[in-house]
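What follows is the residue order along each chain.
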Amino acid sequence: MPAATLEKKSKRGAFLSLAGVAAVLALVIVLENTLDPNRNIIVFTTLKKGAVYALVAVSMNLLNGFTGLFSLGHAGFMLLGGYAYAIFTIPSAQRESVYYMYDGSAINFSFPEFFSNLFGGSGAGGAAGMVLGMLIAIVIAGLVAALVAWLIGLPVLKLKSDYLAIATLGFAEIIRAIFQWEPGGRITNGANALKSFPTFNNFNITDAEGEIVLRLSTSVCFAISALCIFLIVLLINSSYGRAFKAIREDEVAAEAMGINLAKHKRLSFIISSFFAGVGGALFAMYVNQVQAKTFNSAMTYELLLIVVLGGMGSISGSAIAAFLYVACGEWWLRFLDSEAAFKSASDRWAFIIVLAAAAAALTALLLWRRKRQGARKFSELWTACLLGAVVLGYDIYYAASGSMEVPFLRTGFRMVVFSVIIMVVVLFFRRGLMGDKELPARLRELAAFIRRLAAKIRRPSAGGGKPGAAAGKEAGGDE
Amino acid sequence: MSDKVLLSIRDLQVSYGGIEAVKGISFDVREGEIVTLIGANGAGKSSTLRSIVGLVKPRGGSIVFDGEDITGADTTGIVKKGVTLVPEGRRIFPDLTVLENLKIGAYMRRDSLQEDIDWVYSLFPRLKERSWQAGGTLSGGEQQMLAVGRALMSRPKLLMMDEPSLGLAPIIVRDIFSIITEIRKRGVTILLIEQNANMALQTADMGYVLETGRITISGTGDELLSNEAVKAAYLGT
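Note that the protein sequences, when read in sequence, are chains A and B. My numbering numbers the first residue of the first sequence as 1 and each following residue consecutively. My numbering numbers the first residue of the second sequence as 1 and each following residue consecutively.
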């Protein structure tokens, strides 16, 4: 029976996903202990930030993609989590210097310190107490965000679609303003940053002299993020998750089936905010400090972008898109922001070739899609032609000028490129990287596509060997 | 067929803002019966069903189900007591698989579902074939079967259907009605509203004609089929 085999396949998919995550985790541990951390800062920055963003994006997807509640308050919940974590973990000895503007802190309790002292102060027991305290503080960060979500959910969740988005966005801005407010300075440190709290580096295992024996900072960040995402996946596959999806699909029908709309929306909102709070704590640990102004609406938009790029309703989509986004933003597209990017003529040629290849691939992709969908969408043809012409024209001009400086590369250009990518995605790949499917299903589709393509190439008469074929292969995975 | 009254409606009034959709209707549904409300668009049929299942709160009157007053109770509690509505226009969950749709129908239950899933699949073998397909990819008739199957998953004592024949080919409508009789044989009481009066009255034990929020004619299915006024207004003969 096909149903049974499909069920088996999805079970195998779940098993493979777990194995995949374990393999990635192992790889991160190996990388962390073999690569020189000072020369590869960017790699570990990307991995840590990617893991944090993956968690927060997945939590946002739970709300926006799975329950169909369009909420834009995520930066606010991250802020709450980040501050809650920082306030409860700064060691008492550092409080004076952190809160120097306000003559010390109103709260003088630090979980890591408390448990570290409880387990013997120094040595292995103290370190274990430290770690336990940090983990408790992370959970508290989530709980604070969840509590606030419950409170604001009471009035706000009565709203629908865009009104809900506006209300939650407003909430996030209000939270940010409150945390910068002077009179609260003895708790929030006003507009100043909170720092000196334990970070991921505290997870590195050291020997008696303080030499690092085993680096775990990046892998612990990964592990916490993976664990939280795993919990969200369990929730989504439970009967609650089905109810969330039913609400997304048709509120009236869901209600007629006896699903309590208010209760389930609230549940989804609170759980999503809990994990956003945990993500906020992880984010604070990643940047080593917390400052309200970082958690602005631009951050929410970044997350929304990741969720849309990955596919609304796809967990693996959000996770993969988070890493891609962070890698592009922090690493791969950095060169777009520097004016003198090239040190040699070969660099310059490599840049030209990459740019031309990218333009050609995208053009081919658009043309291939147009062919597949019939000739209805003329706009795609024109976009493709325009794109190809601009990039080729620019290449020729640049090659002829012989300059080492790229005319339009300067601070901020990265964001222009980002915006263009978003527009392309929204126009042509509305369902994002994964649609609402997960990675195993997508890989199966891709494998089937490659098999078909291979069969076509083996019989060239059936239309293989065409120029679009190579680009088409790429498209199978992309759209 | 027992004489026990399962659902008793007295002087039910429903209004939206200032507009009165149902202006005080009373009728009974006895256990094991198929009862139909027929009437034109805007007669108040859907409003009656929606207020029974708690999707709209009635303005006045009482709804007693299985000896308990459920007037104005919330839908979750009413579904738990054993009343389920197959909504108008089917409203299946398009991006969920057939099986997931069925499981959501049983959302209020915490016991094993396998037996009921098997029963629904035996009533609608087409659904079994399409078990892993997204609901939205089914044909109209299959979607109606899914909507009925989904409602049956809650093990209702009273199954209410809002225009099950809407937009379906005549042959499919006949299938749906034969399945309705099949379901009744399993002890499920059925209250259905229809514009397709002919088919509904042939199947029903009791029928009520609703006109602008009031019951104007009532009787057994056969009586209404032979009633001149009903013939002229709803049967088109």
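Hints in this document: simulated from the structure, not taken from any laboratory. Careful, some of the hints might be misleading.
Every beta carbon over 10 Å from chain B, so not counted as near; a handful from chain A, in silico [what the hints assert, rightly or not]:
| hint | residue |
| --- | --- |
| 1 | Phe115 |
| 2 | Ser161 |
| 3 | Val252 |
| 4 | Ala256 |
| 5 | Gly258 |
| 6 | Asn296 |
| 7 | Ser297 |
| 8 | Ala298 |
| 9 | Gly329 |
| 10 | Leu336 |
| 11 | Val354 |
| 12 | Cys385 |
| 13 | Leu392 |
| 14 | Arg414 |
| 15 | Phe418 |
| 16 | Val420 |
The calculated lysine-lysine pairs, modelled on DSS-like cross-linking and capped at a C-alpha distance of 30 Å, are [stated by the list, open to error]:
| hint | chain 1 | residue 1 | chain 2 | residue 2 |
| --- | --- | --- | --- | --- |
| 17 | A | Lys11 | A | Lys437 |
| 18 | A | Lys158 | B | Lys81 |
| 19 | B | Lys81 | B | Lys57 |
| 20 | B | Lys81 | B | Lys157 |
| 21 | B | Lys57 | B | Lys80 |
| 22 | B | Lys128 | B | Lys157 |
| 23 | B | Lys185 | B | Lys157 |
| 24 | B | Lys57 | B | Lys128 |
| 25 | B | Lys185 | B | Lys4 |
| 26 | B | Lys80 | A | Lys160 |
| 27 | B | Lys81 | A | Lys263 |
| 28 | B | Lys80 | A | Lys158 |
| 29 | A | Lys263 | B | Lys157 |
| 30 | B | Lys231 | A | Lys263 |
| 31 | B | Lys23 | B | Lys231 |
| 32 | B | Lys57 | B | Lys4 |
| 33 | B | Lys157 | B | Lys23 |
| 34 | B | Lys185 | B | Lys128 |
| 35 | A | Lys371 | A | Lys437 |
| 36 | B | Lys185 | B | Lys231 |
| 37 | A | Lys263 | B | Lys57 |
| 38 | B | Lys57 | A | Lys160 |
| 39 | B | Lys128 | B | Lys4 |
| 40 | A | Lys11 | B | Lys57 |
Glycine residues also receive a C-beta, built at the ideal position from the N, C-alpha and C atoms.
Hint check:
no., hint, in the structure
1, Phe115, "holds, 39 Å"
2, Ser161, "holds, 17 Å"
3, Val252, "violated, 6 Å"
4, Ala256, "violated, 5 Å"
5, Gly258, "violated, 3 Å"
6, Asn296, "holds, 33 Å"
7, Ser297, "holds, 29 Å"
8, Ala298, "holds, 31 Å"
9, Gly329, "holds, 31 Å"
10, Leu336, "holds, 37 Å"
11, Val354, "holds, 38 Å"
12, Cys385, "holds, 35 Å"
13, Leu392, "holds, 41 Å"
14, Arg414, "holds, 35 Å"
15, Phe418, "holds, 29 Å"
16, Val420, "holds, 30 Å"
17, Lys11(A) to Lys437(A), "holds, 15 Å"
18, Lys158(A) to Lys81(B), "holds, 27 Å"
19, Lys81(B) to Lys57(B), "holds, 17 Å"
20, Lys81(B) to Lys157(B), "holds, 8 Å"
21, Lys57(B) to Lys80(B), "holds, 18 Å"
22, Lys128(B) to Lys157(B), "holds, 24 Å"
23, Lys185(B) to Lys157(B), "holds, 12 Å"
24, Lys57(B) to Lys128(B), "violated, 37 Å"
25, Lys185(B) to Lys4(B), "holds, 16 Å"
26, Lys80(B) to Lys160(A), "holds, 27 Å"
27, Lys81(B) to Lys263(A), "holds, 19 Å"
28, Lys80(B) to Lys158(A), "holds, 24 Å"
29, Lys263(A) to Lys157(B), "holds, 26 Å"
30, Lys231(B) to Lys263(A), "violated, 48 Å"
31, Lys23(B) to Lys231(B), "holds, 24 Å"
32, Lys57(B) to Lys4(B), "holds, 26 Å"
33, Lys157(B) to Lys23(B), "holds, 27 Å"
34, Lys185(B) to Lys128(B), "holds, 22 Å"
35, Lys371(A) to Lys437(A), "holds, 25 Å"
36, Lys185(B) to Lys231(B), "holds, 29 Å"
37, Lys263(A) to Lys57(B), "holds, 19 Å"
38, Lys57(B) to Lys160(A), "holds, 21 Å"
39, Lys128(B) to Lys4(B), "violated, 35 Å"
40, Lys11(A) to Lys57(B), "violated, 44 Å"
Checked against the numbered hints given earlier, this structure breaks hints 3, 4, 5, 24, 30, 39, 40; the rest are met.
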